[in-house]
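Student: So you can see what is in the structure, the chains are spelled out below.
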Amino acid sequence: MPLSFLLAHGRESPYLKLPKIDIMAEPSTRVVRLCSPIIILLALGAFLLLFGLDNRPFWQDEAETAGLAKNVLKYGVPRAYDGLNIISQERGGEYDANFLWRWSPWLQIYVTAAAFRLGGLTTFAGRLPFALAGLACIFLVYQLVRRNFGDRPWALCAAALLTCSVPFLLYARQCRYYSLGALFTLMSLYAFKEDWQSKFRPALLLCVSIGLLFYTNYLLFFTYVLPALLAGIWLYPQEFRLKRTTIITLVTLIIIVPGLLLFRIQEQSHIMKLVVIPNNIQNYFGDLIQYMIPLPLALYMLWRWRRMFWSRTGIPAEPGEKFVLFLGLIIVGNIIVLSLAPQSEHRYLIHLYPLCAIILGWVTLRTWRFDKIAGVLLAFLLLFTNWLYLVPMDWLQIINRPNHTNRQMLTYPNIPLKLFLTELLFPYPDVNGNFIRFFQSQARPGDIILTTYGDLPLQFYTPFQVIGGLQGRVSSPRLPEWVVSRHEIRYNRNYQLQDSEKFIREQLSPATDYQALILPWEDEPFGNRPDPYYHRFVPAARPLAQVVIYKRLTRRHHVP
Amino acid sequence: MSLNSVTIKKILLTAGLLLVLGRGALHLPELHNYLFPAECMESVVKLVTKEFAGIKVDLGTLRQRVDYLEWFQTHNGPDLEVSATRLRAFPFSETIRLLAPGYFWQVNIILARKNQLRVERKLRYLEGLFKNIDTNAPDCRPQAGPAVPATTAAASSLRKEIQPFIAQWPIYSAQLIGLTKQLDRLENNGYKQ
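First to last, the sequence lines map onto chains P and C. When the first sequence is numbered by our numbering, its final residue is 560 and no position is left out of the sequence of numbers. When the second sequence is numbered by our numbering, its final residue is 1193 and no position is left out of the sequence of numbers.
For reference, chain P alone in the conformation it holds in the complex (with noise of 0.2 angstroms):
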């Protein structure tokens, strides 16, 4: 019997139990699911993710990520060296004797083959599958909430507070790991919530998920496993039963045992330094209030749960509060194990905007249903600015800003929403953007371009050999053509100069050999840097420093 006969008269048959639908209704129904809130929510997280994706390059970061994928199609495996250049942001310590890729891991890379395979060798395939991961994290978002308290209102709330989280979807439209670590954070979250002790494809997901979260980036996942164990001890220690965790802990080691070998995580791990750990603690604590849960809002949390640090009997009985408990504990257990790797970096704590927009949206229902006008308020500063975050920082004179900021940045109050939809709607060309176009129409085939910073989006848009940038030794078969010295100075993990600057410094003559070109745009540091700290959504009117290309000059343009 046909299906739709069955869905259309409310047959039952041993294998099928169907409702009665209403024929007649069904097209006004169908409207009411495409009205649905979660799916205008979707369709503007799609907007806001998709949108002019490819309206800047890649900046370093991701370079090094499409780079290397680009390598995976040539090799089948990410190999640093494609027989012109060589991609290396530590000196060369990311690869064997081979060029293998042994530094990061390499889900992240195979994921950008596939869309390069897919969509081409452009910008927007290599960001879309991260883009869609991020989409993915805002249904994940409400379906873990909805499906768990039944609080649809929620569910909503926290869904469209990370839709509006400007820093996540900066994040998320990266051609990098981000979105994928917070997706598979969410995954993880999700099947514990499920009865991974008795059943089995929730317990495997908890194990695929954690697993992919190693291959996603491992700092992620020794960052979010062990605080997210203990805290699960802690509250809900029922449902630890000893076989059962034994086992899903058994099989998540196998999955990432390769990995373990595979990846130098031994070897990077001399260069944790015990010295930079307070200020690691100090810098993510600062990140965590200035951008993701605001400072009123975790003093409240820290006086409610206050009871809950000495005595189990604080720990709240409603299975929501619990929850928020739970997540909580996982982010400040989060930071403290990550201020023990040597760089701090918001990046390593984006797995985390969806856990804080949970959190956001139990805190703004619980106000809505304490006092109307308060809710509405709160939802509207959490939702439309950032001021609850810098506003109560600015009274206390913390302030966290790095010297290039400018008004127009997420370090000061401003409507984040309004900066990202004009960096949408009227791109400008980043820095990264006008080298690419420069040395496309300027240089000439099998000329070498030596720069300071910024080498690898030239390696991958530009067809010319690109030495320099943070690879470490420099070695040229002869004077490279071109020379970029960036304003901004990059040094080593040791704070000592990086051997491009060095080699600029001490082996080249930029005033003899070399034609100064000063170019009418800004040599910002990094192009379409994600980080709040530093991400521009407009240009800077006078800039600071301006670009100075230096091409070397042949014999009859030498002047005696």
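Don't take every hint at face value.
In silico lysine-lysine, DSS-like type, Cα no more than 27 angstroms apart, as pairs [unchecked claim]:
no., chain 1, residue 1, chain 2, residue 2
1, C, Lys-1009, P, Lys-322
2, P, Lys-372, C, Lys-1009
3, C, Lys-1181, P, Lys-502
4, C, Lys-1131, P, Lys-551
5, C, Lys-1056, C, Lys-1131
6, C, Lys-1046, C, Lys-1056
If you want the ones that stay clear, here's a sample from chain P, every Cβ over 12 angstroms from chain C, calculated [unchecked claim]:
no., residue
7, Asp-195
8, Tyr-218
9, Lys-243
Calculated from the structure, these hints are not laboratory results. In this text the structure is predicted, and so the values were computed from the model without any measurement. Ideal Cβ placement from N, Cα and C applies to all residues, glycine included.
Let chain P serve as the given structure and place chain C on it in line with the hints.
Tutor: Frame of chain P; chain C shown alone:
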């Protein structure tokens, strides 16, 4: 009618949120520049003053640390007694010096380099800012890098206020170059047990 505690809480909560809303709205670049055009210029002076104060402190710390390392290297030994003066200046370093001289050396070199980098970046940033002011800043549009004054009169007044800092810049720059050379020397000679 007396107010109960719940009503008071509601009023306080709403008032607090309204306060943030009002303050945030006033700080919106478009509104702020329209309502307080003079603050734009003041903010440049404030910024430069703050950066120079930071540079002075950082240079002082760097000098102290370089002297400390130089003293350690010259006397060439971890067995020197703990001094109260040095303990006050570098409590952590002086404590670990006897216990782990190698680690002490490494940590202090890194901290000195970090300090040097911070000063160098600030000086570079200010150099760009001064150049902007020198070339007669035209406006205070919100997308302007650092805020720069609107009128020529304001710009000339700003230049006057900033003049001492512009004069101070090469002095700090020279000091940084000297300390960097000293630090390079120290690092090249290294720590010898």
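Student: None of the hints should be skipped; say for each whether it holds.
Tutor: Comparing the hints with the structure gives:
1. C:Lys-1009 with P:Lys-322: 24 angstroms, holds
2. P:Lys-372 with C:Lys-1009: 13 angstroms, holds
3. C:Lys-1181 with P:Lys-502: 14 angstroms, holds
4. C:Lys-1131 with P:Lys-551: 25 angstroms, holds
5. C:Lys-1056 with C:Lys-1131: 21 angstroms, holds
6. C:Lys-1046 with C:Lys-1056: 15 angstroms, holds
7. Asp-195: Per Cβ check, Asp-195 of chain P is outside 12 angstroms of chain C; nearest 39 angstroms; holds.
8. Tyr-218: 25 angstroms, holds
9. Lys-243: 45 angstroms, holds
Checked against the numbered hints given earlier, the structure satisfies every one of them.
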